[in-house]
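**Student:** Each number in my numbering corresponds to the 1-based position in the sequence shown with 6 added.
FYI, nobody ran anything at the bench for these hints, they're computed from the structure. Errors might be hidden in some of the hints.
Once the Cα atoms are required to be at most 27 Å apart in a straight line, the calculated DSS-like pairs of lysine-lysine come out as [unchecked claim]:
#1 K45 to K169
#2 K236 to K140
#3 K149 to K138
#4 K140 to K72
#5 K72 to K45
#6 K72 to K169
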Amino acid sequence: MSNYSSSTDVLFDPWSWTDIFTALRQCAMGSCGRALVDKHCQLLRSFGNSVGANDVTLRDAERLAKGFDDLVVIVIDPTDDEDLLPYDEIPADEMYPRTIRMLDQSLRFASQDQRNVDNTIVLDPMPFRSGKFKYHELDRMRKSRDEEANEIFEQILFSLHPKVIILCYFQHHGRRIKLPEIFRSQVMEKGHINVITLGNGHECIGVPSFHPMCFARPDPEAEGYGIIQKIAREYLFDFTFIAAFESR
Numbered sequence: 007m008s009n010y011s012s013s014t015d016v017l018f019d020p021w022s023w024t025d026i027f028t029a030l031r032q033c034a035m036g037s038c039g040r041a042l043v044d045k046h047c048q049l050l051r052s053f054g055n056s057v058g059a060n061d062v063t064l065r066d067a068e069r070l071a072k073g074f075d076d077l078v079v080i081v082i083d084p085t086d087d088e089d090l091l092p093y094d095e096i097p098a099d100e101m102y103p104r105t106i107r108m109l110d111q112s113l114r115f116a117s118q119d120q121r122n123v124d125n126t127i128v129l130d131p132m133p134f135r136s137g138k139f140k141y142h143e144l145d146r147m148r149k150s151r152d153e154e155a156n157e158i159f160e161q162i163l164f165s166l167h168p169k170v171i172i173l174c175y176f177q178h179h180g181r182r183i184k185l186p187e188i189f190r191s192q193v194m195e196k197g198h199i200n201v202i203t204l205g206n207g208h209e210c211i212g213v214p215s216f217h218p219m220c221f222a223r224p225d226p227e228a229e230g231y232g233i234i235q236k237i238a239r240e241y242l243f244d245f246t247f248i249a250a251f252e253s254r
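Model the full structure from these sequences, guided by the hints.
**Tutor:** Encoded structure:
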């Protein structure tokens with residue numbers, strides 16, 4: 007059986023899960039940013055207060071938004087139960103798939119344990135716009151706040167000037183997220199590295215990925231292929247983070 011070779015000349019059997027995992031681990035590289043930044047969190051807190059976010063939600067969002075200035079991960083609803091669980095309890099709750107825990111695991115794996123959710127900027131493109139915020143809003147208020155959330159996200163992103171952005175775009179819980187075209191990607195583009203230009207003219211590397219819930223909750227109609235689908239997606243997710251660190 008022929009072997010494949012990665013960009014770092016690591017040979018592996020594409021039909022062996024063990025070989026794929028070993029190859030990914032060998033490609034992982036240490037990566038640490040230049041400076042920790044958090045000034046942009048003021049915008050996040052101000053908007054959160056305006057829509058009635060509670061203290062737990064605000065603290066979770068701000069803690070995720072802080073990190074080294076070189077890399078930004080964009081993901082929908084990074085704190086699944088942000089209104090119920092404090093930040094430290096979400097990764098520890100192993101009874102259910104948690105976005106933060108899976109992000110943390112992939113960041114650590116791809117960076118040889120140098121990066122994690124506590125030192126990497128993780129932004130929600132629609133902050134404080136999950137179902138619990140929209141439930142009691144009239145249509146006009148909901149639309150206005152959706153637009154404001156998107157504007158706040160762009161203001162924060164423009165202020166950061168990152169080198170690399172990992173795009174974990176996903177149509178989550180039936181919500182259609184209105185993101186600029188540069189933040190959208192097709193399945194076949196996952197892990198492909200592109201130069202993207204933000205609305206403020208800043209150029210950076212964009213690495214398309216997907217929401218980790220895509221591998222945490224495989225297609226229930228896949229029958230016997232469910233576990234294969236889960237493992238393949240999880241390895242692909244890890245690969246997108248490795249590609250991001252290698253492109254810095």
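**Student:** Holds or violated: K236 and K140, Cα atoms, limit 27 Å.
**Tutor:** Outside the cut-off at roughly 31 Å; violated.
**Student:** For a C-alpha distance cap of 27 Å, please report whether K72 and K45 respect it.
**Tutor:** holds (9 Å)
**Student:** K45 and K169 were given as a pair; does the straight-line alpha-carbon distance stay at or below 27 Å?
**Tutor:** Holds - the C-alpha atoms of K169 and K45 are around 18 Å apart, at most 27 Å.
**Student:** Below or equal to 27 Å on CA atoms is what counts here, so check K140 against K72.
**Tutor:** holds (26 Å)
**Student:** So if I understand the rule, the pair passes when the alpha-carbon distance is 27 Å or less; does K72 with K169 pass?
**Tutor:** Within the cut-off at roughly 16 Å; holds.
**Student:** Just to be careful, I want the Cα atoms of K149 and K138 compared with a cutoff of 27 Å; is the pair within it?
**Tutor:** holds (15 Å)
When the structure is compared with the earlier hints, a violation turns up for hint 2 alone.
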